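Let the hints inform the model, and build the full structure from the sequences given.
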Amino acid sequence: MMSQYSVFQLLRETLRGHTGWRPAWRDPAPKQRYDVVIVGGGGHGLATAYYLAKEHGITNVAVVEKGYLGGGNVGRNTTIVRANYMLPGNQRFYSKSLALWEGLEQELNFNLMMSQRGVLNLAHTDGQVDMFARRANAMRLHGDDAEIWSPEKIAAEVPMLDLDSARFPVRGGLMHKRGGTARHDGVAWGYARAADRLGVDIIQNCEVTAIERDPQGRITGVDTTKGRIKTGKVGLAVAGHTSQVAQMAGLRLPIETHLLQAFVTEGLKPILDQVVTFAAGHFYISQSDKGGLVFGSSLDGYNSYTARGNLPMVEHTAEAAMSLMPCIGRLRLLRHWGGVMDMTMDGSPIISTTHVPGLYLNGGWCYGGFKATPGSGWCFAHTIARDQPHPIGADLRLDRFMTGRELDEAGTGAQPNLH
Amino acid sequence: MRIPCPVCGARPSEEFTYRGDARPVRPPMDSSDQGAWVDYLFFRDDERGRIKEQWQHTGGCRAWIVVDRDTATHAVHGSELARDAAEGGQA
Amino acid sequence: MRDLSDTETAPRLTQGGRIDRSRPLTFTFDGRTLTGFAGDTLASALLANGIHLAGRSFKVHRPRGLVGHRENEPNALMRLGTGDRLTPNLPATLVELTDGLVAESQNRWPSLKYDLQAASGLLKPMFPAGFYYKTFMWPAAFWEKLYEPAIRRAAGLGRATTAPDPDRYERGFKHCDLLVVGAGPAGLTAALWAGRAGLHVILADQDSELGGSLLTERSTIDGEPASLWVDRVAGELARLDTVEVMPRTSVFGYYDHNILGAVERLPTAEHGARERYWRIEAGRVTLAAGALERPIPFPDNDRPGIMLASAVRAYLNRWAVRTGTRAVVFANNDDGFSTARDLSQAGIAVTLVDSRADAELPRALTGLEVTLHRGRTIVGSKGRHRVSAVTLDDGTRLPCDLVAVAGGWNPVVNLHSQTGARPRWDSIRDCFVPGQPRQNESSVGACAGRFTTAEAIQDGAHAAVEAIRALGKPVPELDLPVPEDPPAGRGEALWYVGGRDSHTFLDPQHDVTVADVKLAHREGYRSVEHMKRYTTLGMATDQGRFGNVNGMAVMAEARGLSVAEVGTTTFRPPYTPVSVGALAGRKRQRTFMPLRRSPLHDWAADRGAIFAEAGLWQRSRAFPQAGESLREAAFRETTQTRTHVGICDVSTLGKIDIQGPDAPELLNRVYTNGWKRLAVGRARYGLMLREDGHVMDDGTTSCLAEGHYHMTTTTGQAPKVMSHLEWCLQALWPELDVQVQSVTDQWAGLAVAGPNSRALLQRLLPGVDLSNAAFPFMGVGRYALAGGVPLRLFRISFSGELAYEVNVPADYGPALADKLLELGEDLGAIPYGLEALDVMRIEKGHVTAGELDGRTTAADLGMAGLMSSKKDFIGRVLAQRPGMADPSRPRLVGLQCADGDERIRAGSHLLPTGTQTTIDFDEGWVSSATWSPTFGRHIALGFLKNGGERMGEVVRAVDLVRGHDVQVEVVSPHFYDPEGTRQRG
Amino acid sequence: MADLTLAPVSPLARALTPGDVGAVGPGGPGVVFRDRRDLSLVTIQVRPDKQAAARQALEGAGFALPPVGQAARSGEVSVIWSALDRWIAIAPWAPGELHRTLADPFGGDPRARGVALVDQSSGLFALQVGGPKLDALLAKGTPVDLHALETDRTAATGIDHQPVTLWRIAPQTVLLLVGRAFAQDTLEFLQEMALEYGYRNG
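Chains as they are written, first to last, in the numbering used here: chain A, 1 to 419; chain B, 1 to 91; chain C, 1 to 985; chain D, 1 to 202.
Everything labelled a hint here was simulated from the structure, so no lab data went into it. A few of these clues could be false.
What the hints assert, rightly or not - The calculated DMTMM-like cross-link candidates involving lysine to aspartate or glutamate, where the alpha carbons are at most 25 Å apart (straight line), are:
no.: 1; chain 1: A; residue 1: K269; chain 2: C; residue 2: E144
no.: 2; chain 1: C; residue 1: K174; chain 2: D; residue 2: E150
no.: 3; chain 1: D; residue 1: K133; chain 2: C; residue 2: E144
no.: 4; chain 1: C; residue 1: K720; chain 2: B; residue 2: D39
no.: 5; chain 1: A; residue 1: K54; chain 2: A; residue 2: D387
no.: 6; chain 1: A; residue 1: K153; chain 2: C; residue 2: E281
no.: 7; chain 1: C; residue 1: K720; chain 2: B; residue 2: E80
no.: 8; chain 1: C; residue 1: K945; chain 2: A; residue 2: D395
What the hints assert, rightly or not - Ranges of calculated distance between the beta carbons of each label pair, as one might list FRET restraints:
no.: 9; chain 1: D; residue 1: R100; chain 2: C; residue 2: R239; range: 54 to 64 Å
no.: 10; chain 1: D; residue 1: P67; chain 2: C; residue 2: P476; range: 35 to 45 Å
no.: 11; chain 1: D; residue 1: L4; chain 2: C; residue 2: N772; range: 21 to 31 Å
no.: 12; chain 1: C; residue 1: L480; chain 2: D; residue 2: R55; range: 52 to 62 Å
no.: 13; chain 1: D; residue 1: R55; chain 2: C; residue 2: R469; range: 39 to 49 Å
no.: 14; chain 1: D; residue 1: Q172; chain 2: C; residue 2: R469; range: 27 to 37 Å
no.: 15; chain 1: A; residue 1: K177; chain 2: D; residue 2: Q172; range: 51 to 61 Å
no.: 16; chain 1: A; residue 1: E102; chain 2: C; residue 2: G31; range: 40 to 50 Å
no.: 17; chain 1: A; residue 1: F8; chain 2: C; residue 2: A38; range: 58 to 68 Å
no.: 18; chain 1: C; residue 1: G283; chain 2: D; residue 2: A7; range: 45 to 55 Å
no.: 19; chain 1: C; residue 1: S427; chain 2: A; residue 2: D164; range: 51 to 61 Å
no.: 20; chain 1: D; residue 1: R100; chain 2: C; residue 2: R469; range: 22 to 32 Å
no.: 21; chain 1: C; residue 1: S427; chain 2: A; residue 2: K177; range: 29 to 39 Å
It should be emphasised that the depicted structure is a prediction, and the values quoted were computed from it without experimental measurement. C-beta: ideal position from N, C-alpha, C; glycine also.
Put into structure tokens, the structure is as follows:
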């Protein structure tokens with residue numbers, strides 16, 4: 001039996017040299033048959049397995065992961081949690097996701113360091129302030145929090161910003177106080193541990209090599225590097241490799257795979273409280289609990305599976321940082337890394353049944369999948385368990401491209417690198 | 001990355017603007033088959049490996065080019081003008 | 001307790017080393033004034049002043065001393081400078097000493113010696129790896145309020161300033177045949193021979209001096225001290241034209257296609273930059289970055305005075321600093337001997353603890369007073385702010401003030417690995433060495449695991465020959481020097497000394513111990529990435545350069561695997577930290593993005609214009625007169641234009657010259673409406689869709705002559721439309737005989753609007769018949785002014801007034817504007833700006849960016865009639881998808897307040913009256929809004945579900961975030977002159 | 001009758017004020033900037049299948065249509081390659097005169113011969129940059145390998161990411177053509193980068 005985490009447990013273990021801690025999850029060999037196989041042991045796959053077990057009572061579930069759990073984008077993002085979308089089809093979903101975040105630590109008995117420090121989007125023209133107001137009003141109509149901040153308020157609250165010499169002046173901002181950050185690895189680990197405790201088998205170092213179907217096209221199982229596993233339902237949650245895995249089942253998707261870089265400076269004493277983003281540089285920044293400034297900007301812009309970015313975007317990101325936070329000039333970049341993003345053609349995600357009976361798709365998270373983790377697992381578990389979309393994720397269906405109901409928050413059309 | 005412009009020679013990638021997969025074939029102008037248009041505009045093979053893709057040398061000679069590049073390694077295997085590729089495709 | 005660091009006298013030797021004793025430098029450390037010499041680093045100068053204690057650890061604030069002399073230093077992080085030049089987290093080992101330098105230690109309060117947070121060290125047993133995941137969860141609200149602020153304050157390293165960085169940065173591009181990274185024996189040799197063959201060579205080294213390990217070791221080359229050879233080679237390299245030597249240059253990142261990033265630190269100069277970032281495109285790369293010594297972690301190995309042996313030798317040999325008076329050397333390989341030799345020759349008493357049971361003192365040590373404990377390890381240490389004794393596993397207690405630890409070497413495979421190549425475990429040398437290259441590079445010398453000077457020189461020469469051959473150049477005859485190294489036998493693998501694992505530090509900066517790695521293993525965090533993320537091993541500022549390999553070996557042991565099987569974490573750039581300012585170069589604050597200036601920019605500024613951002617452009621919003629607010633000015637300009645005449649700079653609109661017989665066909669395909677019958681001398685409004693059926697842009701296109709058209713686009717979409725046309729012509733329809741070119745910058749554009757506009761233009765063009773019959777609405781004419789200045793006249797109207805747009809070559813724009821104001825003085829001519837333009841276009845119901853937001857269809861905008869059914873055009877088919885053609889979509893409507901005093905704001909949402917204010921009742925939004933001086937009330941444009949059928953209905957415009965909730969009447973979007981009699985009159 | 005003549009204004013009227021700036025040493029400035037508003041610029045765009053004929057027509061009139069990346073001078077008129085299917089004719093004449101001179105070899109109707117002539121004398125700004133530190137200066141802004149940009153070679157590239165055409169007119173001199181709206185920004189970039197060499201606005 002695994003121990004419940006608590007301060008008392010920590011004290012107890014301290015007294016015996018921490019020798020009593022058990023593995024956070026088991027390391028089982030795959031069974032021959034599961035009710036559901038989730039492909040992908042990242043945040044979304046693990047959350048899906050957890051909610052399948054907890055909300056739908058389906059516990060005979062395997063999560064198969066080709067590497068180590070949490071090794072994909074859940075462990076390499078800039079940790080931002082928010083629900084500040086404009087289009088109802090998106091905001092409804094992210095609103096639910098944020099509600100799940102609040103209280104998730106207690107539910108999972110794992111400290112995710114969820115920190116609702118506020119997400120502030122800066123607007124550079126009066127027109128942009130109005131657009132932010134449109135979005136903020138949509139958020140409020142959904143019951144979520146949103147405020148419009150004046151430049152004076154922004155200057156007072158965010159001393160790192162230099163508003164006096166900005167190329168693009170700051171005319172206002174959209175503050176979303178319930179937004180913030182969370183410890184990214186912890187989310188994967190917390191869901192893994194909680195799912196494992198409900199009986200879910202998490203099978204690492206197990207790559208799916210084929211998706212098997214019967215003559216009628218129904219899913220019958222998956223072939224893996226650890227052998228064949230029979231199942232009637234396969235859920236794909238393999239952001240970054242969605243196109244490849246879907247292709248095993250003959251699915252072609254409205255997805256292009258792109259590269260996004262992220263950056264962190266050396267640790268500093270607290271200097272920035274909020275998550276701050278600004279559109280002119282497509283830039284976002286926050287300070288981690290360890291003290292590093294964590295930031296990023298646009299996609300590198302070309303299709304890539306490398307997770308290795310290049311200098312033009314490194315330079316652009318540094319420029320964007322210097323444009324409004326010129327104090328950052330002497331601070332030093334400690335590390336930059338890349339993640340592989342499955343970018344959809346409208347910039348919004350897909351949680352959907354597919355034309356293949358028994359195959360369910362969760363993907364296309366673009367560069368915003370982290371904050372969606374609980375909501376994604378919640379909706380996807382429902383979609384798999386009931387074979388139909390969850391109402392809050394209903395607009396995220398795959399057929400929206402055919403019906404002309406794209407969810408294009410950026411308004412840039414079928415050009416994934418611009419979303 | 002250095003993108004080999006067939007006109008200007010190799011230049012850093014930021015001189016170029018990326019469009020995407022060059023291979024989907026646009027349905028004939030007079031086609032009204034929505035499925036074919038949806039497929040052309042939205043759906044992609046998205047290979048991990050060599051693909052042909054369209055870039056424009058917007059920071060240089062403004063040529064639209066087709067680059068043969070590997071999405072798994074970023075290795076570039078060649079390029080040609082988009083108009084030559086278009087003619088080649090029709091032949 | 002006696003504190004050696006304060007009382008020890010003269011650690012600095014009176015001779016030797018590469019410091020310049022004739023150039024003393026004064027600096028301060030934690031407020032104490034100290035001196036060093038030119039050639040010192042901050043680290044060597046501190047040690048020369050007897051200072052070992054240099055910092056506090058991240059988590060439990062234990063006192064820490066200098067351990068290294070290079071980029072693997074985990075402890076001695078300093079805050080340099082004062083005021084707005086304050087720079088945190090600089091490793092003292094990489095800071096060149098300068099006169100007046102101000103350094104402070106970090107992460108301690110109130111002082112380095114007496115840090116109150118060190119009390120948390122007492123609780124260290126409660127803080128093993130990942131402890132925070134297991135607690136601080138109750139009550140939920142306490143995380144942000146209590147736990148997190150406390151953790152954030154305690155964590156972090158240096159304090160930074162929020163003042164803008166006052167220094168300048170630059171960047172640039174370099175191209176070379178061969179880039180050599182590292183100027184030790186391998187790099188110098190490679191650069192020298194490639195340079196002699198005439199190759200364009202760049203030799204970069206982060207150090208201020210060339211020489212690498214030859215500066216810190218007592219090797220000889222051709223029988224002379226190696227430093228003499230270094231000086232000779234440096235001299236020859238300086239004379240070779242095609243070789244560029246770049247000291248103080250850190251090559252930090254290796255990117256695709258042999259592009260590398262490097263940062264050059266520049267000396268302080270009046271017109272100089274602080275740092276310059278170079279992007280180097282290299283034909284070939286030789287990695288000669290050397291190797292870093294690794295520790296042998298043992299219990300209590302984090303006391304000040306416990307250092308890497310290579311650093312102890314470096315401080316002694318290069319900087320003439322004795323880092324102790326009584327040394328214990330702890331080694332698992334022959335480096336222990338050379339360390340013992342160097343120390344002993346400097347008069348320091350040495351005890352050598354060698355873990356190898358078969359270790360024998362070599363001849364080089366005979367005659368020196370070195371005691372050997374063979375087959376022994378250190379299992380503990382004592383001392384408060386400085387080590388005072390160590391204990392061996394046989395119980396022997398050795399008093400000392402210096403422990404030099406030689407645990408073997410890790411080649412710097414970082415740059416190699418950044419390319420995606422996988423380093424390989426060399427089980428003979430017990431280290432990761434470069435694997436199969438993924439780019440045109442090779443690693444040489446110690447960087448490739450070939451640790452002797454002889455191997456380095458051979459490798460360097462070989463790399464040069466390969467580069468020369470690859471370019472087809474003749475290879476010069478090689479005449480390689482002969483170095484002599486101390487003999488190096490094989491070491492044994494000793495990754496840590498077991499015992500009190502919770503005090504055996506792998507990552508002293510982050511307080512990660514052997515116990516933490518074992519705990520991670522116990523809890524299932526066994527993959528090397530899980531280990532890193534759970535324990536934070538390798539995430540400190542040294543990025544694992546100090547103890548990562550040891551940590552992997554601990555995990556390998558726990559898992560019963562080899563280090564090779566456990567593997568490494570991913571190597572990421574930068575190799576050493578890089579200033580964000582350097583990467584940005586000049587781009588910061590105002591220079592972040594270029595400013596696009598209209599030809600009338602200065603003209604407008606001279607007339608008191610207030611500017612607004614419009615993409616990269618700045619456009620004049622209004623021309624306030626004395627005492628006028630922006631709003632008042634805009635409304636005055638509106639009224640004056642509607643009653644008299646105004647001129648407005650519209651130069652920023654995109655303009656595209658289209659020529660060729662197939663031009664009408666092109667227009668037909670890119671616009672939704674028909675273009676085949678547009679006559680010469682006429683203009684037409686056009687709507688352009690994206691292929692997905694949404695509106696991309698709108699504008700007018702004029703036929704100037706047979707096969708010659710002038711297209712205008714919106715300011716924002718101009719570059720996109722230009723690229724779109726080029727794509728159509730090059731990729732889609734190369735057979736069309738049409739050529740396009742942007743002429744946005746060529747023509748200044750002035751809108752001349754208002755009832756007096758015809759009279760005004762008649763004065764400019766006295767010989768031209770501008771009567772409505774001769775020059776009707778949507779007419780186009782081309783004329784020449786005095787001196788042959790061409791002028792294009794378009795009778796188009798955005799304001800709804802009788803209006804024209806005048807184009808002249810941009811150079812003449814300001815003069816034309818002046819001339820129009822002068823000619824129109826008695827007609828009431830004034831300049832107007834974007835605000836008045838916006839008021840007038842809302843009154844007229846014209847759409848702009850607020851409406852063309854990339855999600856609207858032609859039908860949404862009330863322009864379904866412009867969708868020709870007689871021809872094909874881009875976006876035709878997909879615009880017919882059910883969701884796009886849904887009649888209940890929000891449609892463009894006009895909105896006006898019932899009450900003249902109430903204000904509608906853009907961004908409001910539209911809801912029916914009498915419902916709850918929730919998303920379920922959301923029916924649309926307000927896209928543009930203004931006070932209308934013409935109608936004396938607030939009016940707006942917006943999108944409302946079934947809008948076309950709801951004229952006269954009253955709905956709510958709700959702006960929750962700004963506190964407005966007003967009743968508005970749904971009306972036609974064409975408030976002003978809906979029949980168009982004014983613009984056509 | 002009012003005077004209807006208009007006086008032209010350079011986009012650098014205020015940014016290129018004469019004088020020496022920065023670390024000008026005893027040897028003089030490292031870089032000199034000159035406004036070349038005296039030059040008219042007319043682009044010659046030619047459809048790919050009509051380029052041989054167009055070259056022949058221009059050669060008949062004493063001009064050239066040089067290969068990609070090159071410049072050709074004939075008397076006062078230089079024709080430089082600038083982009084795909086596009087050249088720029090440069091001469092110290094009035095724009096209309098240069099336009100007419102170029103149209104003549106095409107029978108006055110270039111469009112019928114697959115040739116589009118467009119006056120860009122105001123649209124492109126010609127900045128002459130010279131001096132011993134020319135290449136060091138350019139390397140701070142342009143990614144092209146300056147070793148390869150020899151005299152009378154041209155490149156379509158960027159300076160500080162702004163599209164420009166570079167034409168090396170002498171070993172230590174280039175003519176830099178930049179979109180008019182970006183001219184001041186580009187000059188200011190070059191001036192700041194030239195501070196360490198000292199520069200002269202001449």
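(message) Output the indices of the hints that this structure fails to meet, ascending.
(response) Hint check: 3, 6, 20, 21 fail, others pass.
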